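Could you put the whole structure together from the sequences, leaning on the hints where they help?
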Amino acid sequence: MSSMKSVYGDTAKDNYSFKIKLKSGILLAWMIILTIICLLPIYILILNATRTHGEIISMTGLGKLLVPSGHLGENIKNLSTKTSEDFSLLIGYKNSLIITVFATFLTVFFSAMTAYGIQVYEFKLKEVSYTAILLVMMVPVQVTSAGFVKFMINLKLTNSFVPLIIPAVAAPAVVYFMRSYMKSSFPLDIVEAARIDGSSELRTFLTIAIPMMKPAIAVQAIFAFIANWNNFYTPNMILIDPNKGGTTNLRTLPMMLSILQASQKTADYGMIYTCIALGIIPIIIAYIALSRFIIAGVALGGVKE
Amino acid sequence: MASAAQRRIKSISYAKYGYIFILPFFIVYLFFQLWPLIYTFILAFKGNQSNGENFVGFENFNHLLFSHPYNIADTRPGVDREIRKAANAAMAIDQQHQDFVRCLKNTIVLWIGNFIPQIALSLSLAVWFTDAKLKIPGKGFFKVVMYMPNIITAASVAVLFLQLCADTNYSAATILGRSLGLLKDGEFFNMTKDIPSQVIWPPRVVVMFIQTWMWFGNTMIMLMSGIMGINPSLFEAASIDGASSGQVFRKITIPLLAPILVYTVVTSMIGGLQMFDMPYLFTTSKDGSHIKNIETIAVYIYGKFHSGSIEPSYGYSGAASVILFFITGCLGMIIFYLNRDKDEIAKKKQRKKLAKQFKAQNKQFGGLSI
Numbered sequence: 111m112s113s114m115k116s117v118y119g120d121t122a123k124d125n126y127s128f129k130i131k132l133k134s135g136i137l138l139a140w141m142i143i144l145t146i147i148c149l150l151p152i153y154i155l156i157l158n159a160t161r162t163h164g165e166i167i168s169m170t171g172l173g174k175l176l177v178p179s180g181h182l183g184e185n186i187k188n189l190s191t192k193t194s195e196d197f198s199l200l201i202g203y204k205n206s207l208i209i210t211v212f213a214t215f216l217t218v219f220f221s222a223m224t225a226y227g228i229q230v231y232e233f234k235l236k237e238v239s240y241t242a243i244l245l246v247m248m249v250p251v252q253v254t255s256a257g258f259v260k261f262m263i264n265l266k267l268t269n270s271f272v273p274l275i276i277p278a279v280a281a282p283a284v285v286y287f288m289r290s291y292m293k294s295s296f297p298l299d300i301v302e303a304a305r306i307d308g309s310s311e312l313r314t315f316l317t318i319a320i321p322m323m324k325p326a327i328a329v330q331a332i333f334a335f336i337a338n339w340n341n342f343y344t345p346n347m348i349l350i351d352p353n354k355g356g357t358t359n360l361r362t363l364p365m366m367l368s369i370l371q372a373s374q375k376t377a378d379y380g381m382i383y384t385c386i387a388l389g390i391i392p393i394i395i396a397y398i399a400l401s402r403f404i405i406a407g408v409a410l411g412g413v414k415e
Numbered sequence: 334m335a336s337a338a339q340r341r342i343k344s345i346s347y348a349k350y351g352y353i354f355i356l357p358f359f360i361v362y363l364f365f366q367l368w369p370l371i372y373t374f375i376l377a378f379k380g381n382q383s384n385g386e387n388f389v390g391f392e393n394f395n396h397l398l399f400s401h402p403y404n405i406a407d408t409r410p411g412v413d414r415e416i417r418k419a420a421n422a423a424m425a426i427d428q429q430h431q432d433f434v435r436c437l438k439n440t441i442v443l444w445i446g447n448f449i450p451q452i453a454l455s456l457s458l459a460v461w462f463t464d465a466k467l468k469i470p471g472k473g474f475f476k477v478v479m480y481m482p483n484i485i486t487a488a489s490v491a492v493l494f495l496q497l498c499a500d501t502n503y504s505a506a507t508i509l510g511r512s513l514g515l516l517k518d519g520e521f522f523n524m525t526k527d528i529p530s531q532v533i534w535p536p537r538v539v540v541m542f543i544q545t546w547m548w549f550g551n552t553m554i555m556l557m558s559g560i561m562g563i564n565p566s567l568f569e570a571a572s573i574d575g576a577s578s579g580q581v582f583r584k585i586t587i588p589l590l591a592p593i594l595v596y597t598v599v600t601s602m603i604g605g606l607q608m609f610d611m612p613y614l615f616t617t618s619k620d621g622s623h624i625k626n627i628e629t630i631a632v633y634i635y636g637k638f639h640s641g642s643i644e645p646s647y648g649y650s651g652a653a654s655v656i657l658f659f660i661t662g663c664l665g666m667i668i669f670y671l672n673r674d675k676d677e678i679a680k681k682k683q684r685k686k687l688a689k690q691f692k693a694q695n696k697q698f699g700g701l702s703i
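Protein chains in written order, with my numbering: chain A, 111 to 415; chain B, 334 to 703.
Derived DSBU-like pairs (lysine-lysine); straight-line CA-CA distance at most 30 Å:
1) A:K131 / B:K476
2) A:K236 / B:K681
3) A:K324 / A:K293
4) A:K234 / A:K293
5) B:K466 / A:K133
6) B:K418 / B:K625
7) B:K584 / A:K129
8) A:K354 / A:K187
9) A:K133 / B:K476
10) A:K129 / B:K466
11) A:K354 / A:K204
12) A:K131 / B:K468
13) B:K584 / A:K131
14) B:K584 / A:K133
15) A:K266 / B:K379
16) A:K293 / B:K681
17) B:K682 / B:K584
18) B:K692 / B:K681
19) A:K234 / B:K349
20) A:K187 / A:K204
21) B:K438 / B:K379
Quick caveat, the hints were computed from the structure, so don't treat them as lab data. Quick caveat: nothing in here was measured; it's all calculated off a predicted structure.
So, in structure tokens, the structure goes:
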């Protein structure tokens, strides 16, 4: 009897595990295909960055498309020497970096502060203000932009970084995320303990709350950095005359790219690809290094679009 | 036991610090977001270009939403000057209406075309990734790779795909198409060619593909975290009862995932209405050419207030923004209404009924309650 049972059990088990294995195998193949689709455009981009203009326009076969060439250094050199009134890769990097660093700092600092204010203190407008923040989370940027630009023109703030940096203080989605985080992992007793020890309210926030909120701040800083670095809409809208009559160049990196794009008839394709590659490679490297936090952050609903 | 110090602290009101801490947020919010929003609403009722300072009532909405028929013969030379002038004005106004409707239609088509494949792909992947029975190696790697397109600058992606899908012999899309046998020799992938009637779908499909490519990883991770939030014992019970994976998906995953799915649909819809970088960079790709079939409502709004050398038309821009605002609001409300918790509503009704009965009973017994 025991032998019969084991035989019966084994076939069923074999059959079952075979099915699972087959399904897993098919899915694995499908995921590999998706991975290739995800990576292929980036792969071709990096390969084309190593080609000269002549090589790209004489390319015909698939074999040539997928094999690198050796002119990356030449393309980078051409790009760095090609600085016209409009285009300059280095200035693009500099402008993007200035805006991104300041805006990211303002976003995480003031969002943490607002979330702390709402979470820790009891005041009349506490719930009202939080509801207001939740409501404005849903308003699309495009809806306010006509009024925003006209208002900035009236204030003579266009063609400056101020309207690109200061609005970062009010980031409703980040406040929402930080408050959810504080609700679950910031005991209010600590604030009271600090008060008994004679710490001022601001000092409690700066030296106790901020270090305790580090995980939430780190995730939101990463997302804010990426969002600001990639932002094309707002800078393109605010920097109406990015040369300011020829004295400076205020264009951010995505704006530089759009210039190369617009003048593509005369441009060097090798250089265009190299420029795109140089624009996105820093962010890909940062992504690979921080991917664990980023994926965890997305899972927590940390980003919205 | 509360010490003396603790009691003293309890008696101090810290309310003012609450206001101080949230003050910077609200000042910046009022100045840079709320006022621009109100101002956009005001601009929607003002005129365009040189008429920008005067209030014109609902004229902008009228121009955008309704067609203004005119006789094309009246615009030709040789017709009486006054009639020609009036016909030309009517034609210009009708053009606004047609542009607006075209952009709205493009936005909807592009959104549907990227959302359906995106949700199908991310939902199936999320289910497979969270299925404990399946043994797929390297799940972490796949997740990282599939999310990656989302972090790349949209402007770079637009330029990159425009190069890869250009209508040339040497673009990657042409080479791939020819080697896969989809294109004959001498044909090339036709996306940017400046013949509007011939290029309705290729540019749209490219934009849909890019949007799906960029966003499916993000949606997948959100849905995965939703599925992992479902009580695992439900899946276990289903598998003991012999449910097939299709049944589990339909009877357990989908109903319990509904709130997150709705959230995904709403955020994706709001994102879709804002679609800008890709269509904008595509439409301004070549000098003089304008691919009308991928111009979205965001590009329309932007083009109206940021029209380069021409005086900007803040009125049309504002009116389109207001319409967009209400579309967003309505879509959000419809979906939340369809998805409200029906059990909870039924319970509420029952509670009300019970309370009524109770009151009636009380009255019968001559109770004092009113």
